Amino acid sequence: MRGRAELPRAWWISLIAAAALLTLVSFFFTVSAGRSIFRGLSLVSAGVVFGAVLTSRREAGPVVCAALAIAGLGVSAAGANEYAVHARAGDTAWRVFSTFFNPGFLSGFLAFSIPATLALLVAVKERGAALGLGFAAVLQIVALSLTGARAGVLAGALGVAVFAAAVLLGRGCGAQGWRRIALTLLAAVAIAAVVGRPTGERVASPQGEGHSFAFRKYTWAATARMAAARPWTGFGPGSYEVAMQRYAVAGYTRLAHSNYLQAAAESGIPAAVLGFAAWFAIATASAVRLARRSAARESAAYVSAALGASAATAARGLFDSDWWCLPILLSVAAVTGLLAACLTGDGPKHGRRSGAAAGWSLAAVGTAALVLAEMCLLSLTHQTRAEEYERTGDWLAAGEQWAESARKAPWNVRARQRIAEYGAVSEEGTVSESTLREFARIQKLEPTNPKIPTSLADLLLQKGQPEEALKQYGEARKLDPLSPRLLLDEARLLESLGRKKEALALWREMTRVEDGPYGQVRAIPQIVDVTYAWAHAALGDDLEARRERGRAVEEWRKAADLLQRREESIKEMRPVLEAAGALDPELDEQAADLLDDVRRKIASAAKPGG
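Note that our numbering numbers the sequence shown so that position 507 is 505, with each residue one more than the last.
Hints in this document: simulated from the structure, not taken from any laboratory. Just so you know, these numbers come straight off a predicted model, no measurement behind them. Where hints are given, some of them may not hold.
[Said to hold, decoys possible] Simulated restraints on C-beta separations: (1) Ala219 to Gly172: 17 to 25 Å; (2) Gln562 to Tyr250: 22 to 30 Å; (3) Lys569 to Ala601: 18 to 26 Å; (4) Glu584 to Leu376: 31 to 39 Å; (5) Pro445 to Leu324: 24 to 32 Å; (6) Asp586 to Arg549: 22 to 30 Å.
Glycine is no exception: its CB is placed at the ideal position from the N, C-alpha and C atoms.
Based on the sequences and whatever the hints tell you, model everything.
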């Protein structure tokens, strides 16, 4: 606030500044202002953490490692408790989530906290503190094995190995420290071998994980196509989940499963190359400095932990978009700041004061970030309340909360779309021109989001405007051409309009999608996509009309098989399906009716003379 900023004299500052400038440019070309604002706030937060650690000099090492160790202990304890609950219920193959969105992100965070905990373990002198840190490290390694994330476990092992090698090169610990590390790792591996069944089962039978790696390969191919489509500016930070459908090969996913590819697709290839180049350069230079034993010996263990964590997240970044999880992003910023502090030295002679313009610019950015963060927080609070009111059936209160959510953050597409839907439902007769204009404005906020024209199509259909609905389904399919649900809705609508030839073409298109990577390779193979059953049933009816009874029965049996497997998957995986948002009670009720219908047709065809 004094209008000054202290910047180190370092060559890598230019790389970071160039990457930041190009990322800022990508904001102006984003296809989702709301999502880019959220992502921008995350990046600003990471920049603040990086700067705070960089300027703290000597104090950075123990503080960063202590923060990561405490956080790692907390999430590991929560994960161990979660696993114990499921194990007591007989589900010993449960993969722990702890406080994270998925087990993979948990493993990605533990890859940071484990080296940090080991660094403190070799640094402390008190026996009691060493015992406590040893317990924390064991618990985190065991929790890592319980995630069942193969790439996460391998990355964690790599992080520990790099930490040990760096400590050895930098003379970061003595004989006592090595004994502590050895005993901790032996205890952790022994316990993990007993309780780490999730990872053990996945490593022993990788085919049972249902195309996990194949799904990633197709996702990487789709993301590469995205990056090539807009190589200089990308689609905007945070926009991946509403921009990738047009390029999808094997199904929708919210993340690219690769830090590097997702950064290129969102912020542009130059921004990604420069940003990762700066990060790799800082890590490499600090490793060289440590190997030459130029760093202070008392800080060698902490720098080694930062190198181990960096190696682990660099490896995991090949298989997951870890840096789109805020705790991991902030951890990356902290350990990178620690490595950068190692490079810039400890004295003020290595820094310089900028002019007042730079200082006040940073203050302005910080103030704007705080204002935007407050607006987003208030909007999300009202959105959460609205969704809760909708679950209880209080539609009036829900509408009021959606309106408040949109007022707090006008870029909240979800809130504005719900308000438009509420308004259209309350209108008498057809959908009004004002509602159509509002949907057009919402579409401009996220021009690549297929859910917006799909929602409008559903409204038009409810209001008895099938031809207009058909046009909107067509617009949605331009944005998401392989979506089985969109193909299903459009084909059923065409049939209801008597346009059976066009409907038949879409039914055949659905079976082509089913036979391709989109239908055959799934992230969670146990989740059966039942929409293809309607295509097989319709094709069977067409063959029956053309007196090809044998082929018709084959199509009906394919439909029946899909519908039966869907029923079984719902019984076995209801909690997982609910968490993934893969349950649709209305569609499942229609599926039950369809199953009865095709069974009746199969039985009729099997009768003598049938």
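Please write out, lowest number first, the hints stated earlier that are contradicted by the structure. 1
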